[in-house]
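Read off the chains here:
Protein chains: 2
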Amino acid sequence: MAKKTKYAVGIDLGGDTIKVGATAKDGRLLFKGVVETRAEEGPSRVVKQIRKGVAAAVEACGAKPIGVGVGSPGVVNAEEGIVENPPNLPGWGRIRLASKIAKKFDLPVFVENDANAAAVGEMTFGAGKELDSFIMITLGTGVGGGVIMNRRLLRGEHGGAGEIGHMSVDYDGEPCKCGSRGCVEAYVGREYLTKRAATRLADAPDSTINRLIDGDLEALTPKVICEAAKTGDPLAKELIEETGRFLGYALASAANLLDIPAFVVGGGVAGFGKPLFDAAKAAAKERALIPMKPRLRVRAAKLKNDAGVKGAAALVFFRGA
Amino acid sequence: MAKKTKYAVGIDLGGDTIKVGATAKDGRLLFKGVVETRAEEGPSRVVKQIRKGVAAAVEACGAKPIGVGVGSPGVVNAEEGIVENPPNLPGWGRIRLASKIAKKFDLPVFVENDANAAAVGEMTFGAGKELDSFIMITLGTGVGGGVIMNRRLLRGEHGGAGEIGHMSVDYDGEPCKCGSRGCVEAYVGREYLTKRAATRLADAPDSTINRLIDGDLEALTPKVICEAAKTGDPLAKELIEETGRFLGYALASAANLLDIPAFVVGGGVAGFGKPLFDAAKAAAKERALIPMKPRLRVRAAKLKNDAGVKGAAALVFFRGA
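Quick mapping for you: the protein sequence lines, in order, are chains H and U.
In terms of our numbering, the first sequence opens at residue -4 and continues consecutively.
In terms of our numbering, the second sequence opens at residue -4 and continues consecutively.
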């Protein structure tokens, strides 16, 4: 038998699908697959589905992995491998996910909050490889985050650290579904962003955005705004820059509190690209404390679509190695 | 010779005076003194003054201390014991303060940013003794902070972590002297607070505050506001509650980012007492993420006037022990 590459299995646990990947130590993806989550059938079924995913990866690679990593939504007790009430997995309560997977495969299993896993992924394989400290931000429906300080993951008291999306940039600002006001998520989160775009669109009927969606507001997505901006549409450009600025305000506060002025930004909304990053960097640099300004960096995440499974696999290399 | 108590010398380096204290491991203050800083004569003179302070403490205690701790303003490289450009000590540049003191006394010397030293002090001797993680906030002219996570001091990349005063609660808010807008310091810092009080006072000529200061706005201090509040003065009460709320908004953002919902608040403005803490706690609890709410605590710092020298001494017990 030929010598096999050492690899880790990464599980990206979502509400609809479970993504699975086999990642080598150098970050190469050796295998990738998807199974249904079947969340509505309860936690035992979801655990079975995860096991199927792991088994598929092991089968495809033809060798035993060095371990399994799981990026899970919700509050995760990483030390005990417990997942608590993930928002998109009904009826979970507290589940000892790590031990339930470990028992089946006799492998070390590491569970981490998905935003934290993404940060560890970028540190291990992506845009944070050469950074001693950085804050990872994932811009999607929600705005998640993870903090790497001196090559260590900052967990906080109960593994919940990194919720940069719920730093408020305006105490009297937009209501956020978390119950607070002015959270940066309430400006740059996907739904809030498209809602804001729709409101503005009413005053800019000639915007390319309107042409692209053919008047159908349901079709209004960050992708459409991005396309319109590329054609030079003023409203689209303004929306992207504004999104960047709001993000930048939160980044400045986070940089000041943590003395970490480096940021890695991923997730769907990060697809806005350079105009978003430039606006975020400018706003953050303008507002960060003086010693922070020259070190301020905003980088695009590198792992893109494979961020979930690679981040989960990185947990194994990071903690198990 | 009688057996001497083990103690550490703590130096609280200020722009006008250098406070020195000898603190035993149980937090008892064995000796306390003050020497002039003589900052205008440059760093060599200041170092000499610090040495005088240390010598006085050693003399008074009649035994060698286990080490010397220094709480210094400005950016401190704690690992190398270097102090950089403290704002109130002109012409410093980068000074290897720890080695300059250590050479003279042949003792281990630990230098830390003064806000961080205060946090270590509260953890070791004060309100943070039983807390695993907490954020220390010192409300004075500036609003300083220090973060203790799992009984470790969070330093960030260059020892500057903990600047909670420069978290913005309103991206379009009050200009802060740091160059940003809406920093919590621009609402609750001593000068901003008294300025706000003065503006409000113009519309409330009957306020007890006015009677206490006899119309002299120069005499308007947090202490006066506190006294007026005790007599039931509505404006004074409102100012204190408002200060608490602004503080609470920043606490919620910090709690969410760090997963640390416990706060220890000290400094002169903390003299507002319970009404301030209650308002801060209520605002923070209302706005923190759900898992944080039941754990949210705001406590008064315990070290009060001796916070500086005890915090500095705590550095020795914390890092040298």
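Hints in this document: simulated from the structure, not taken from any laboratory.
Please note that a few of the clues may not be correct.
Identical chains blur together in the list; that is why a pair holds if it fits in one copy or across any two.
Stated by the list, open to error - Taking lysine to any residue pairs in the SDA-like style, the calculated list, with each CA pair at most 25 Å apart, reads:
id: 1; residue 1: Lys299; residue 2: Glu237
id: 2; residue 1: Lys27; residue 2: Pro229
id: 3; residue 1: Lys280; residue 2: Glu79
id: 4; residue 1: Lys288; residue 2: Val53
id: 5; residue 1: Lys280; residue 2: Arg176
id: 6; residue 1: Lys288; residue 2: Pro82
id: 7; residue 1: Lys280; residue 2: Gly69
id: 8; residue 1: Lys280; residue 2: Asp167
id: 9; residue 1: Lys47; residue 2: Asn205
id: 10; residue 1: Lys276; residue 2: Pro103
id: 11; residue 1: Lys288; residue 2: Gly137
id: 12; residue 1: Lys269; residue 2: Asn80
id: 13; residue 1: Lys20; residue 2: Arg89
id: 14; residue 1: Lys20; residue 2: Lys59
id: 15; residue 1: Lys1; residue 2: Asn83
id: 16; residue 1: Lys280; residue 2: Gly168
id: 17; residue 1: Lys190; residue 2: Glu236
id: 18; residue 1: Lys276; residue 2: Gly168
id: 19; residue 1: Lys172; residue 2: Leu284
id: 20; residue 1: Lys288; residue 2: Asn83
id: 21; residue 1: Lys288; residue 2: Arg89
id: 22; residue 1: Lys218; residue 2: Thr12
id: 23; residue 1: Lys288; residue 2: Asn80
id: 24; residue 1: Lys225; residue 2: Asp211
id: 25; residue 1: Lys98; residue 2: Arg191
id: 26; residue 1: Lys280; residue 2: Arg89
id: 27; residue 1: Lys280; residue 2: Cys173
id: 28; residue 1: Lys27; residue 2: Arg195
id: 29; residue 1: Lys280; residue 2: Pro82
A quick look at each hint next to the structure:
1. Only within a single protomer do Lys299 and Glu237 lie at most 25 Å apart by alpha-carbon distance; the minimum there is 23 Å, versus 44 Å between protomers.
2. Neither within a single protomer nor between protomers do Lys27 and Pro229 lie at most 25 Å apart by alpha-carbon distance, with minima of 40 Å and 65 Å respectively.
3. In this assembly of identical chains, the alpha carbons of Lys280 and Glu79 lie at most 25 Å apart only when taken from different copies (21 Å versus 37 Å within one copy).
4. For the identical chains of this complex, Lys288 and Val53 are neighbours neither inside a copy (47 Å) nor across copies (42 Å), given an alpha-carbon limit of 25 Å.
5. Taking CA atoms no more than 25 Å apart as the test, Lys280 paired with Arg176 passes in both settings, with 24 Å inside one copy and 13 Å between copies.
6. With identical chains, the CA atoms of Lys288 and Pro82 are at most 25 Å apart between copies only, with a shortest distance of 17 Å across copies and 37 Å within one.
7. Taking CA atoms no more than 25 Å apart as the test, Lys280 paired with Gly69 passes between copies only; the shortest distance there is 20 Å, against 32 Å inside one copy.
8. In the homo-oligomer, the alpha carbons of Lys280 and Asp167 lie at most 25 Å apart both inside one protomer (24 Å) and across protomers (16 Å), since each shortest distance falls under that limit.
9. Within a single copy, Lys47 and Asn205 get their C-alpha atoms no closer than 44 Å, and across copies no closer than 74 Å, so neither meets the 25 Å cut-off.
10. In this assembly of identical chains, the alpha carbons of Lys276 and Pro103 never lie at most 25 Å apart, being 39 Å within a copy and 41 Å across copies at closest.
11. Taking the shortest alpha-carbon separations for Lys288 and Gly137, only the inter-copy value of 20 Å comes in at or below 25 Å, while the best intra-copy value is 27 Å.
12. Neither within a single protomer nor between protomers do Lys269 and Asn80 lie at most 25 Å apart by alpha-carbon distance, with minima of 36 Å and 35 Å respectively.
13. In the homo-oligomer, the alpha carbons of Lys20 and Arg89 never lie at most 25 Å apart, since the shortest distance is 31 Å inside one protomer and 42 Å across protomers.
14. Taking the shortest alpha-carbon separations for Lys20 and Lys59, only the intra-copy value of 14 Å comes in at or below 25 Å, while the best inter-copy value is 53 Å.
15. For a Cα distance limit of 25 Å, the shortest separation of Lys1 from Asn83 qualifies neither inside one copy, at 33 Å, nor across copies, at 56 Å.
16. In the homo-oligomer, the alpha carbons of Lys280 and Gly168 lie at most 25 Å apart both inside one protomer (22 Å) and across protomers (17 Å), since each shortest distance falls under that limit.
17. Proximity of Lys190 to Glu236 under the C-alpha cut-off of 25 Å is restricted to the intra-copy arrangement: shortest distance 16 Å within a copy versus 35 Å between copies.
18. In the homo-oligomer, the alpha carbons of Lys276 and Gly168 lie at most 25 Å apart both inside one protomer (22 Å) and across protomers (20 Å), since each shortest distance falls under that limit.
19. Taking identical chains as interchangeable, the C-alpha atoms of Lys172 and Leu284 lie at most 25 Å apart only when they sit on different chains, with a minimum of 10 Å there against 30 Å within one chain.
20. Proximity of Lys288 and Asn83 under a CA criterion of 25 Å is satisfied inter-copy only: 21 Å between copies versus 39 Å inside one chain copy.
21. For the identical chains of this complex, Lys288 and Arg89 are inter-copy neighbours only, at 19 Å across copies versus 43 Å inside a copy, given an alpha-carbon limit of 25 Å.
22. Taking identical chains as interchangeable, the C-alpha atoms of Lys218 and Thr12 lie at most 25 Å apart only when both belong to the same chain, with a minimum of 22 Å there against 60 Å between chains.
23. Taking the shortest alpha-carbon separations for Lys288 and Asn80, only the inter-copy value of 16 Å comes in at or below 25 Å, while the best intra-copy value is 39 Å.
24. Taking CA atoms no more than 25 Å apart as the test, Lys225 paired with Asp211 passes inside one copy only; the shortest distance there is 20 Å, against 60 Å between copies.
25. Within a single copy, Lys98 and Arg191 get their C-alpha atoms no closer than 48 Å, and across copies no closer than 62 Å, so neither meets the 25 Å cut-off.
26. In this homomeric assembly, Lys280 and Arg89 come within 25 Å of each other (Cα to Cα) only across copies, at 24 Å, whereas the closest approach inside a single copy is 41 Å.
27. Only between protomers do Lys280 and Cys173 lie at most 25 Å apart by alpha-carbon distance; the minimum there is 12 Å, versus 28 Å within a single protomer.
28. Proximity of Lys27 to Arg195 under the C-alpha cut-off of 25 Å is found in neither arrangement, the shortest distances being 40 Å within a copy and 64 Å between copies.
29. In this homomeric assembly, Lys280 and Pro82 come within 25 Å of each other (Cα to Cα) only across copies, at 21 Å, whereas the closest approach inside a single copy is 34 Å.
Against the hints set out earlier in the document, violations occur for numbers 2, 4, 9, 10, 12, 13, 15, 25 and 28.
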